[in-house]
Amino acid sequence: MSAFLFGQDCTLSVTGKVIDKGTGRPLSFSNIYVQESKQGTISKEDGSFSLENMCPGHYHITISHLGCSPGLLHLDLYSDTIVTIELNHHDELLDEITIKGEGSGKRSAAISTVSRSEISRESQSGLSTILETISGVSSLKSGTDIAKPIVHGLYGNRVEIMNHGIPQAGQQWGNDHAPEIDPFVAQKISVVKGAASLEYGGSSLGSIVLIEPGNITGDKHLEGIVNYVFQSNGLGNTLNTRFERSSKLFSYRLTSSFKVKGDSKAADYYLTNTAKNEISTALQMQKKAGISESEIYYSFYFNNLGILRGSHIGNLTDLEEALVRDEPFYTEDKISFDIAAPRQKVAHHLFKANSDLRLSEKIRLKGTYAFQLNDRREYDVRRNGRSDRPTLHMLQLDHFAEVSLRSSLDKWSLRSGIQLNYVNNKNVAGTGTMPLIPQYNQIKPAAFFIASTTADKWFFESGVRYAFNHLEVATITTSFPLEVLRFKHNFHDYALSSSVSYMWSRGNNFGIQAGYMSRSPEVNELYSSGLHQGVSGIEEGNRNLDSERSLKLQMEYEFNWKDKLFGQFVSYYQNINDYIYLEPQDSFRLTIRGAFPLFIYKQDDVMIYGSDFLLSYEPIDKLKLSLKYAIVRGELVEENVVLINLPSDNLTFSMKYSVKLKDRTKASFGLDFDYVWQNRIEPEQDFIPPPDAYYLIGAMAGVNLPLGKSYATIELIADNLLNRRYRDYLNRQKYFADEVGRDVRLRLAYLF
Amino acid sequence: MNRLKYFMIPLVSCMLLLTVGCEDDPPIENPEELITTVNFTLTNSSGGDIILSFSDPDGDGGMNPVIAGGSLSPNTSYSASIELLNESVTPAEDITAEVLLEAEEHQVFYLTDSLNVSFSYTDSDIDLNPIGISTMVMTGDSSSGNITVILRHEPDKFATGVSDGDISNAGGETDIEVSFPVTIQ
Numbered sequence: 001m002s003a004f005l006f007g008q009d010c011t012l013s014v015t016g017k018v019i020d021k022g023t024g025r026p027l028s029f030s031n032i033y034v035q036e037s038k039q040g041t042i043s044k045e046d047g048s049f050s051l052e053n054m055c056p057g058h059y060h061i062t063i064s065h066l067g068c069s070p071g072l073l074h075l076d077l078y079s080d081t082i083v084t085i086e087l088n089h090h091d092e093l094l095d096e097i098t099i100k101g102e103g104s105g106k107r108s109a110a111i112s113t114v115s116r117s118e119i120s121r122e123s124q125s126g127l128s129t130i131l132e133t134i135s136g137v138s139s140l141k142s143g144t145d146i147a148k149p150i151v152h153g154l155y156g157n158r159v160e161i162m163n164h165g166i167p168q169a170g171q172q173w174g175n176d177h178a179p180e181i182d183p184f185v186a187q188k189i190s191v192v193k194g195a196a197s198l199e200y201g202g203s204s205l206g207s208i209v210l211i212e213p214g215n216i217t218g219d220k221h222l223e224g225i226v227n228y229v230f231q232s233n234g235l236g237n238t239l240n241t242r243f244e245r246s247s248k249l250f251s252y253r254l255t256s257s258f259k260v261k262g263d264s265k266a267a268d269y270y271l272t273n274t275a276k277n278e279i280s281t282a283l284q285m286q287k288k289a290g291i292s293e294s295e296i297y298y299s300f301y302f303n304n305l306g307i308l309r310g311s312h313i314g315n316l317t318d319l320e321e322a323l324v325r326d327e328p329f330y331t332e333d334k335i336s337f338d339i340a341a342p343r344q345k346v347a348h349h350l351f352k353a354n355s356d357l358r359l360s361e362k363i364r365l366k367g368t369y370a371f372q373l374n375d376r377r378e379y380d381v382r383r384n385g386r387s388d389r390p391t392l393h394m395l396q397l398d399h400f401a402e403v404s405l406r407s408s409l410d411k412w413s414l415r416s417g418i419q420l421n422y423v424n425n426k427n428v429a430g431t432g433t434m435p436l437i438p439q440y441n442q443i444k445p446a447a448f449f450i451a452s453t454t455a456d457k458w459f460f461e462s463g464v465r466y467a468f469n470h471l472e473v474a475t476i477t478t479s480f481p482l483e484v485l486r487f488k489h490n491f492h493d494y495a496l497s498s499s500v501s502y503m504w505s506r507g508n509n510f511g512i513q514a515g516y517m518s519r520s521p522e523v524n525e526l527y528s529s530g531l532h533q534g535v536s537g538i539e540e541g542n543r544n545l546d547s548e549r550s551l552k553l554q555m556e557y558e559f560n561w562k563d564k565l566f567g568q569f570v571s572y573y574q575n576i577n578d579y580i581y582l583e584p585q586d587s588f589r590l591t592i593r594g595a596f597p598l599f600i601y602k603q604d605d606v607m608i609y610g611s612d613f614l615l616s617y618e619p620i621d622k623l624k625l626s627l628k629y630a631i632v633r634g635e636l637v638e639e640n641v642v643l644i645n646l647p648s649d650n651l652t653f654s655m656k657y658s659v660k661l662k663d664r665t666k667a668s669f670g671l672d673f674d675y676v677w678q679n680r681i682e683p684e685q686d687f688i689p690p691p692d693a694y695y696l697i698g699a700m701a702g703v704n705l706p707l708g709k710s711y712a713t714i715e716l717i718a719d720n721l722l723n724r725r726y727r728d729y730l731n732r733q734k735y736f737a738d739e740v741g742r743d744v745r746l747r748l749a750y751l752f
Numbered sequence: 001m002n003r004l005k006y007f008m009i010p011l012v013s014c015m016l017l018l019t020v021g022c023e024d025d026p027p028i029e030n031p032e033e034l035i036t037t038v039n040f041t042l043t044n045s046s047g048g049d050i051i052l053s054f055s056d057p058d059g060d061g062g063m064n065p066v067i068a069g070g071s072l073s074p075n076t077s078y079s080a081s082i083e084l085l086n087e088s089v090t091p092a093e094d095i096t097a098e099v100l101l102e103a104e105e106h107q108v109f110y111l112t113d114s115l116n117v118s119f120s121y122t123d124s125d126i127d128l129n130p131i132g133i134s135t136m137v138m139t140g141d142s143s144s145g146n147i148t149v150i151l152r153h154e155p156d157k158f159a160t161g162v163s164d165g166d167i168s169n170a171g172g173e174t175d176i177e178v179s180f181p182v183t184i185q
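Protein chains in written order, with this note's numbering: chain A, 1 to 752; chain B, 1 to 185.
Just chain A, with the same shape it has in the complex (with noise of 0.2 Å):
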């Protein structure tokens, strides 16, 4: 601001270049746009431009690319300067995992990420289905909008869920249980297929999802997005909003979404009691003083949604019947906004504060705590007006403090940190049920430890990590006269991990990673009881297992041919001991409602190996065409089954066509092609073979324009545009029900 008290002296310079973030490669023709001064260039052929005569002063310069999301750059410019814009112009390429503060660029991990304007174009699906753009994630999915991420194989307990640094607390066991997070907080969402994440807490197996708000922006003015979606498919409305600013005192970010939607519609029929309404609202503080920077987040999440009234059955018979039929039992002629029983109802607050101190020029100190508190009601079909009273209370309050150490000594780069975790979880009175999981409470303190350096074109990684897991828990009999009775476990969990990766030119390297980890059983694996509402069976924990044990192994690979043909492959290897799993017992369980399937929880070996491919080419400039296959395989190694709810191999080929109508105004066509092959259990594995393999369309067209300094989104996107027919098998609704039909979006955003 001083600046211009000295006068106009418009003699500076903005130089550059611009360059794509996926592959380092220049990208020419972008155009540079300086709100305040109205300047415009162009970069050449080498992505390098230059702004002269530019005054001293705060300016906001917005970058834009063919196929790329237009990048903001806000400059206080006080001297000639040199600048280098990274744009997203290859959103499904993996992600560099920078080292906050050493910024090196390399990684130690296979990360896939999806932008901030990918998931406001998605705004209005959950999480999982926002995380299978990338190759090698699938959903598991009760139902229209419950779904939880798979990750080379593996989910629930498996996959651990970072929301902002902090495991996702709630009732994550529950195939039927969506991550309670509202995507659209997140500045980007990561998937870590790693081979052991040491970093953070929870009990991965080695994958990781990372929610990832980001630093707010260091604007001086208001700045933000106002984005909505109206859905043809359940006439949904979806509402979000982002605020953001930063002041002398301190900086923050508003984040809210509203999603009200009816009843969604198969191909022929309507889904009845599919409808959802959901609230979420963040907010983030930032505060730099001297040498530390704070920061408070506070984020609240609610939604309450029907569950296919057909899908909610008794027993064995029930069952058989509804899987005959033509259309699920109770299906209605149109669309309700109702939500009756069965629902679920669930309301999850996160509050954390962090503190960074930079003690030196090499050594930062970093401590965190969080508190969580998740309440969730599930509703059943019940008789006498009880189907106003949940079945299923629970009330989960988690506790999460870390102290972290980061180091950096001439090439070696160490992290160290100490985490404790303390969960309480309990059954709230006044459901008149027996409970599915017990009461229980939870310490687990852990310590990692992670070393890396790089020689030349290596990077070596290597770490451990231990965890402690003291768990006590009261359980009420299963048979009258009932009691309380209370158990006690202590399990330890190990990991180590290394990886070596080779970076010849960015977008061109090698890395292998191994890790070693062992998961110790979650509650429901060692308690669970009754009737698992809807799957028709009785589950049953098994008070005696032990900590699975993993080894991994990954390779991945990366390839840039002359900047027009982009590759990525990841193979993988795990071993499983003492993997925990669901069998299904010979004899039924006879009980008054009739012969019910029982299910144990026991433990075998098994090994799960895959790999996920992605090309991108791009022919011309204005032309992107990418494909994506992944390939998982499991089975229990000695009885030599393969292993259920694993995803099928699917392949998706997607092509984006972009054309500049003029300066700042561009529009984009684009056409997906998703194949599934679902042929691989046992039929008697399930209760039906798997659905028939399955192909889906999807097109869409939009144009971006500017609107003053800000920019205007308008697009028309389809999925299903053919309106298929099919079922999915890693969909519980599958045996009631086929998926959503044919659904066609308006978008409109509009981004300051």
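These aren't lab readings, by the way, just hints derived from the structure by calculation.
From a predicted model like this one, the values you see are computed outputs, not experimental measurements.
Pairwise CB distance ranges, derived in the manner of DEER restraints:
#, chain 1, residue 1, chain 2, residue 2, range
1, A, 600, B, 28, 22 to 28 Å
2, B, 73, A, 600, 42 to 48 Å
3, A, 254, B, 28, 41 to 47 Å
4, B, 142, A, 327, 39 to 45 Å
5, A, 483, B, 128, 44 to 50 Å
6, A, 588, B, 90, 27 to 33 Å
7, A, 351, B, 158, 50 to 56 Å
8, B, 28, A, 453, 54 to 60 Å
9, B, 28, A, 725, 44 to 50 Å
10, A, 637, B, 142, 55 to 61 Å
11, A, 320, B, 158, 21 to 27 Å
12, A, 588, B, 73, 29 to 35 Å
13, A, 605, B, 28, 35 to 41 Å
Once the Cα atoms are required to be at most 16 Å apart in a straight line, the calculated EDC-like pairs of lysine to aspartate or glutamate come out as:
#, chain 1, residue 1, chain 2, residue 2
14, A, 220, A, 36
15, A, 38, A, 52
16, A, 426, B, 24
17, A, 426, B, 29
18, A, 426, B, 25
Just so you know, even glycine gets a beta-carbon here, dropped at the ideal spot from N, CA and C.
Given the coordinates of chain A, work out where chain B should sit on it, guided by the hints.
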């Protein structure tokens, strides 16, 4: 020291909250909707009740249920009724009343295999659809087999055949499904 201030606040607040742990007993629910006992009582005009019963007083798991069958006379008509109880509480709770209160949301179905027997409904809800708590049972010639009693919650009582006792289009969820071994002799 000032630099440590920022750092200590999260840590101290964390310690405070950690001490709030608790060791209280979990709530023991009264499983109100539990049905432990089904009594199917058949009365013949010549007197003497036959009671077929299924009883699982300790609920799912625990002890196996106790099933009592019976024998009926050939070519005889019986007036029959179903009684549902929750005997896990004292005094036992009468669930039949709860079902009758929501009569239009419930229906009892009667199925047989090789037994020569037929059923007809003798009760109805406000829509004039059968409930199936009271029935007329007609036996045929001597035979043996099973009577299966199924109580459905929220069936489609207007679907084809349902009011005649055909379960195949009924839907809904099964609250009771019990089989009684019966001989007609």
